[in-house]
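Undergrad: Use the sequences and the hints to build the structure in full.
The lines below spell out each chain.
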Amino acid sequence: MDNKEKENNLRDEFELKTGIKRKMMGEEKTQSGYAVKECYGPDDVRDIDFNEDIGFPGKYPYTRGAYPRMYREKLWVRGAIPGGMMFAEDQGKDEVSEFKKLEELGVIEGAVRTSGDFHNLATIDPDHPLVKYDIDNCSGAKFALWQFFNGHYADFLKHYMGRGTEGFILEMGHAVGAADSVEWALILAYLETVGKDISKMRGNMVNDPLHVQINNCMRYKQPMEVGWRISTDAMEFAARYVPHFRPTNGGCAYDMRESGINTMQELGFRFGNYIEYCDEMVRRGVRFEDFGPKPAIALSAEIDFFETICKIRAARKIWARLAKNRYGVDPNTVKCPPCNTNEAGNSMTAAQPIFNVVRITIEAVASVLGGVNGMELKAYTEAISPPPHEASVVNKGIESIIAEETGLPLVADPLGGSYYVEWLTKRIEEDTMVLINQILGMGGMREAIKCGWVQQEVEKGALERQRELMELRRIKVGENAYLQLNDTPIPLPMLKYERPTVAQPLAKHQKILMEEWRQFLKERDIQKVTPALKDVFHATKNGKNIIRPVIEAWKAYASIGEIMGVVREGLGFPYDQFEMVKRPDYIKYD
Amino acid sequence: MQHKKVRILLAKIGLDDHQRSLLVLSKGFRDAGFEVINLGHFQTPETVVASAIAEDVNAIGLSFHTLTYMGWVVDVCELLEKKKAKNIAVFVGGTVPEVDDKELKKLGVKGCYRPGALMKDMVEEIRMIVLGVKV
Numbered sequence: 001m002d003n004k005e006k007e008n009n010l011r012d013e014f015e016l017k018t019g020i021k022r023k024m025m026g027e028e029k030t031q032s033g034y035a036v037k038e039c040y041g042p043d044d045v046r047d048i049d050f051n052e053d054i055g056f057p058g059k060y061p062y063t064r065g066a067y068p069r070m071y072r073e074k075l076w077v078r079g080a081i082p083g084g085m086m087f088a089e090d091q092g093k094d095e096v097s098e099f100k101k102l103e104e105l106g107v108i109e110g111a112v113r114t115s116g117d118f119h120n121l122a123t124i125d126p127d128h129p130l131v132k133y134d135i136d137n138c139s140g141a142k143f144a145l146w147q148f149f150n151g152h153y154a155d156f157l158k159h160y161m162g163r164g165t166e167g168f169i170l171e172m173g174h175a176v177g178a179a180d181s182v183e184w185a186l187i188l189a190y191l192e193t194v195g196k197d198i199s200k201m202r203g204n205m206v207n208d209p210l211h212v213q214i215n216n217c218m219r220y221k222q223p224m225e226v227g228w229r230i231s232t233d234a235m236e237f238a239a240r241y242v243p244h245f246r247p248t249n250g251g252c253a254y255d256m257r258e259s260g261i262n263t264m265q266e267l268g269f270r271f272g273n274y275i276e277y278c279d280e281m282v283r284r285g286v287r288f289e290d291f292g293p294k295p296a297i298a299l300s301a302e303i304d305f306f307e308t309i310c311k312i313r314a315a316r317k318i319w320a321r322l323a324k325n326r327y328g329v330d331p332n333t334v335k336c337p338p339c340n341t342n343e344a345g346n347s348m349t350a351a352q353p354i355f356n357v358v359r360i361t362i363e364a365v366a367s368v369l370g371g372v373n374g375m376e377l378k379a380y381t382e383a384i385s386p387p388p389h390e391a392s393v394v395n396k397g398i399e400s401i402i403a404e405e406t407g408l409p410l411v412a413d414p415l416g417g418s419y420y421v422e423w424l425t426k427r428i429e430e431d432t433m434v435l436i437n438q439i440l441g442m443g444g445m446r447e448a449i450k451c452g453w454v455q456q457e458v459e460k461g462a463l464e465r466q467r468e469l470m471e472l473r474r475i476k477v478g479e480n481a482y483l484q485l486n487d488t489p490i491p492l493p494m495l496k497y498e499r500p501t502v503a504q505p506l507a508k509h510q511k512i513l514m515e516e517w518r519q520f521l522k523e524r525d526i527q528k529v530t531p532a533l534k535d536v537f538h539a540t541k542n543g544k545n546i547i548r549p550v551i552e553a554w555k556a557y558a559s560i561g562e563i564m565g566v567v568r569e570g571l572g573f574p575y576d577q578f579e580m581v582k583r584p585d586y587i588k589y590d
Numbered sequence: 591m592q593h594k595k596v597r598i599l600l601a602k603i604g605l606d607d608h609q610r611s612l613l614v615l616s617k618g619f620r621d622a623g624f625e626v627i628n629l630g631h632f633q634t635p636e637t638v639v640a641s642a643i644a645e646d647v648n649a650i651g652l653s654f655h656t657l658t659y660m661g662w663v664v665d666v667c668e669l670l671e672k673k674k675a676k677n678i679a680v681f682v683g684g685t686v687p688e689v690d691d692k693e694l695k696k697l698g699v700k701g702c703y704r705p706g707a708l709m710k711d712m713v714e715e716i717r718m719i720v721l722g723v724k725v
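First to last, the protein sequences are chains L and S. So the first sequence is numbered by this note's numbering: it starts at 1 and just counts up by one. So the second sequence is numbered by this note's numbering: it starts at 591 and just counts up by one.
A couple of the hints might just be wrong.
What the hints assert, rightly or not - Below, computed lysine-lysine pairings styled on DSS-like, alpha-carbon distance capped at 27 Å:
id: 1; chain 1: L; residue 1: K460; chain 2: S; residue 2: K710
id: 2; chain 1: S; residue 1: K617; chain 2: L; residue 2: K450
id: 3; chain 1: S; residue 1: K692; chain 2: L; residue 2: K511
id: 4; chain 1: L; residue 1: K511; chain 2: S; residue 2: K696
id: 5; chain 1: L; residue 1: K4; chain 2: S; residue 2: K710
id: 6; chain 1: S; residue 1: K617; chain 2: L; residue 2: K460
id: 7; chain 1: L; residue 1: K6; chain 2: S; residue 2: K617
id: 8; chain 1: L; residue 1: K29; chain 2: S; residue 2: K617
id: 9; chain 1: L; residue 1: K508; chain 2: S; residue 2: K692
id: 10; chain 1: L; residue 1: K460; chain 2: L; residue 2: K522
id: 11; chain 1: L; residue 1: K582; chain 2: L; residue 2: K555
id: 12; chain 1: S; residue 1: K696; chain 2: L; residue 2: K496
id: 13; chain 1: S; residue 1: K710; chain 2: L; residue 2: K508
id: 14; chain 1: S; residue 1: K617; chain 2: L; residue 2: K221
id: 15; chain 1: S; residue 1: K695; chain 2: L; residue 2: K496
id: 16; chain 1: L; residue 1: K4; chain 2: S; residue 2: K617
id: 17; chain 1: S; residue 1: K692; chain 2: L; residue 2: K496
id: 18; chain 1: S; residue 1: K695; chain 2: L; residue 2: K508
id: 19; chain 1: L; residue 1: K528; chain 2: L; residue 2: K544
id: 20; chain 1: S; residue 1: K710; chain 2: L; residue 2: K6
By construction, these hints were calculated from the structure, which means they are not laboratory data. Fair warning: this is a prediction, and the values are worked out from it, not measured in the lab.
TA: Right, here's the structure in full:
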């Protein structure tokens with residue numbers, strides 16, 4: 001039975017005869033499966049206590065917002081990944097001016113996210129056999145400190161990644177733990193090389209080595225122990241030497257959600273990871289007060305409007321409960337971490353991108369009603385390609401209209417007190433705490449990952465999400481229902497880029513990057529590289545914090561694959577996690 | 591007359607690590623009665639073609655979530671030709687823009703599938719192309 005027949009089966013005779021739509025299709029449940037009532041009232045919130053469960057913004061339990069005046073004091077920070085530059089028609093010449101255009105537009109307001117080229121995420125070098133056509137296809141391929149001073153990316157890297165001590169907030173958004181930390185060390189190496197004081201660096205990084213072990217993406221065969229080691233060393237280094245930098249988001253809930261899990265799992269696995277990092281820092285002698293409030297709670301803004309709002313509210317509550325009950329801190333004496341959202345990529349469709357503009361808006365409104373401190377809006381091209389400049393303009397328009405025309409920012413948590421919102425927030429909180437306690441009962445998130453339980457849950461979720469779509473239990477307009485709307489395509493500006501073709505499978509910018517890689521190898525002094533890498537190896541093997549030796553290795557012009565290769569070997573793993581490349585002869589450990 | 595089954599090798603080539611597609615395709619194709627060998631991700635054209643020949647498949651399904659897929663598909667098709675295995679039908683899916691369909695067909699790719707493609711339609715088409723039968 002095809003979708004049209006299925007759709008007709010869900011409509012009754014009256015609807016089919018008259019065309020008048022009587023009911024929603026799909027299941028009458030929230031996205032995560034709550035079979036909600038038709039209406040909520042006082043009886044549904046009898047178990048909710050105002051002081052213990054709701055309160056006021058800026059105070060325990062922080063349900064209603066991280067700080068007292070919320071948006072009257074400060075609007076949400078707008079995050080953006082300067083995408084599309086890698087494919088812009090004047091690629092190779094214009095990244096900085098495109099970046100500045102986005103700054104003038106206000107798309108980038110003193111904050112920017114990086115994303116990783118694939119080889120960065122995998123922490124291997126550009127000449128690895130798996131990289132061949134996948135080089136420089138995302139948001140800036142980095143391989144060495146040399147690039148900050150040579151080659152076509154030099155100005156871009158300095159402008160984009162080199163202003164962290166000047167108040168410009170950089171979020172390292174690779175998400176893959178090892179990739180974030182090693183690249184952060186690269187930025188510290190650059191800042192020290194140009195005489196900056198790294199203790200003044202602001203910004204944050206996702207740096208969550210655990211979530212990639214359970215997603216169905218982004219692992220790149222990096223052993224958990226390797227990601228864990230460099231990431232937690234980075235967290236400790238930040239706590240001691242770079243105090244204004246948030247060295248992890250405590251759990252990349254967004255990526256995990258995109259893998260197919262539900263809201264409670266998104267929060268449960270996120271806080272499961274967060275607890276692992278807090279416990280490790282405490283074990284290393286870092287106070288919870290100096291680490292715990294730093295990781296921003298970074299969630300997915302999904303298309304289920306009320307579930308998203310209530311999830312954000314519940315997330316702050318859960319943090320406050322953990323701070324008080326597990327770490328013995330009075331949450332009123334520390335700052336509640338900011339809560340940010342990244343709009344759900346999987347909610348966007350390839351057909352009729354204009355409908356994605358609606359989805360982007362709905363998810364942004366839900367984020368604001370949830371009281372986020374930062375958000376990243378997806379582009380309408382999310383299911384098709386990186387965004388053109390026009391998509392950034394659309395998103396800036398959406399966000400500005402919400403901020404200036406709707407009145408939404410005037411009152412903090414305006415849905416507070418709604419019977420349904422308080423009921424759903426409480427249910428999400430309780431069900432998430434059950435899951436967190438289940439994970440702790442298994443020995444914590446690392447143990448739960450090692451035994452494969454978390455991965456099984458993710459896989460079940462992914463298959464269930466697909467079944468829901470196929471069985472029309474979940475509707476995606478233009479994708480599995482209302483397909484007639486696609487018969488009138490509404491074109492929107494798409495990204496113009498040099499397309500790989502059969503005749504030219506490598507684009508111009510990719511060839512430039514590979515040329516620069518070869519030039520870098522020729523120009524560097526291998527006599528400086530070898531001892532620096534030896535130091536990294538021994539620090540790794542002997543259990544020392546490896547961030548300082550890694551910074552020095554970057555300064556000696558070691559490459560990303562070499563640095564992480566010796567870290568892998570220092571922990572007893574192969575130099576190349578794909579086992580396609582051997583350690584070069586000039587890297588010696590004796 | 592007994593029909594052979596579709597025996598399809600699924601893989602992701604290069605560094606693209608989005609695995610959800612292979613999971614869903616494996617299940618869907620198995621449910622439809624195909625024999626499925628899921629090679630997984632981080633494959634090279636060489637490992638895909640070598641495994642396809644060794645496993646005696648009659649179809650290869652490549653899933654991509656990047657815009658840099660073309661070179662990999664070219665390499666696979668050229669290698670199949672070199673190894674005299676052009677009888678193995680190649681199918682491609684994922685973020686493959688429609689504008690590339692002509693070039694892919696010229697390479698010998700038998701079908702391209704995009705987000706929103708129905709499993710039922712893919713199964714029917716692949717079965718028809720590989721076995722020459724409509725079931």
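Undergrad: Could you grab the alpha-carbon distance between K582/L and K555/L and see if it respects the 27 Å cut-off?
TA: 23 Å, holds
Undergrad: Has the given pair, K695/S with K508/L, been kept, meaning a C-alpha gap of at most 27 Å?
TA: The hint holds at about 24 Å.
Undergrad: With the threshold set at 27 Å, check whether the alpha-carbon distance from K692/S to K511/L stays at or below it.
TA: This hinted pair holds, its Cα atoms lying about 25 Å apart.
Undergrad: Given the proposed pairing of K29/L with K617/S, does the C-alpha separation stay at or below 27 Å?
TA: Answer holds: K29/L to K617/S is near 26 Å, not above 27 Å.
Undergrad: Given the hinted pair K710/S and K6/L, is their alpha-carbon gap at most 27 Å?
TA: Roughly 13 Å between the alpha carbons, so the hint for K710/S and K6/L holds.
Undergrad: Given the hint that K511/L pairs with K696/S, does the C-alpha gap stay at or below 27 Å?
TA: The given pair, whose Cα atoms are some 25 Å apart, holds under the 27 Å limit.
Undergrad: Would you check the hint for K4/L and K617/S, treating anything up to 27 Å between C-alpha atoms as holding?
TA: Within the cut-off at roughly 23 Å; holds.
Undergrad: Within 27 Å, alpha carbon to alpha carbon, are K460/L and K522/L?
TA: 49 Å, violated
Undergrad: Take the C-alpha atoms of K617/S and K450/L, compute the straight-line distance between them, and say whether it is at most 27 Å.
TA: This hinted pair holds, its Cα atoms lying about 25 Å apart.
Undergrad: Please work out if K695/S and K496/L have their alpha carbons no farther apart than 27 Å.
TA: 23 Å, holds
Undergrad: Take a quick look at whether K4/L and K710/S sit within 27 Å of each other, Cα to Cα.
TA: Holds, because 13 Å separates the two Cα atoms, which is no more than 27 Å.
Undergrad: Does the alpha-carbon distance linking K6/L and K617/S stay inside the 27 Å limit?
TA: 21 Å, holds
Of the numbered hints listed earlier, those contradicted by the structure are 10 and 13.
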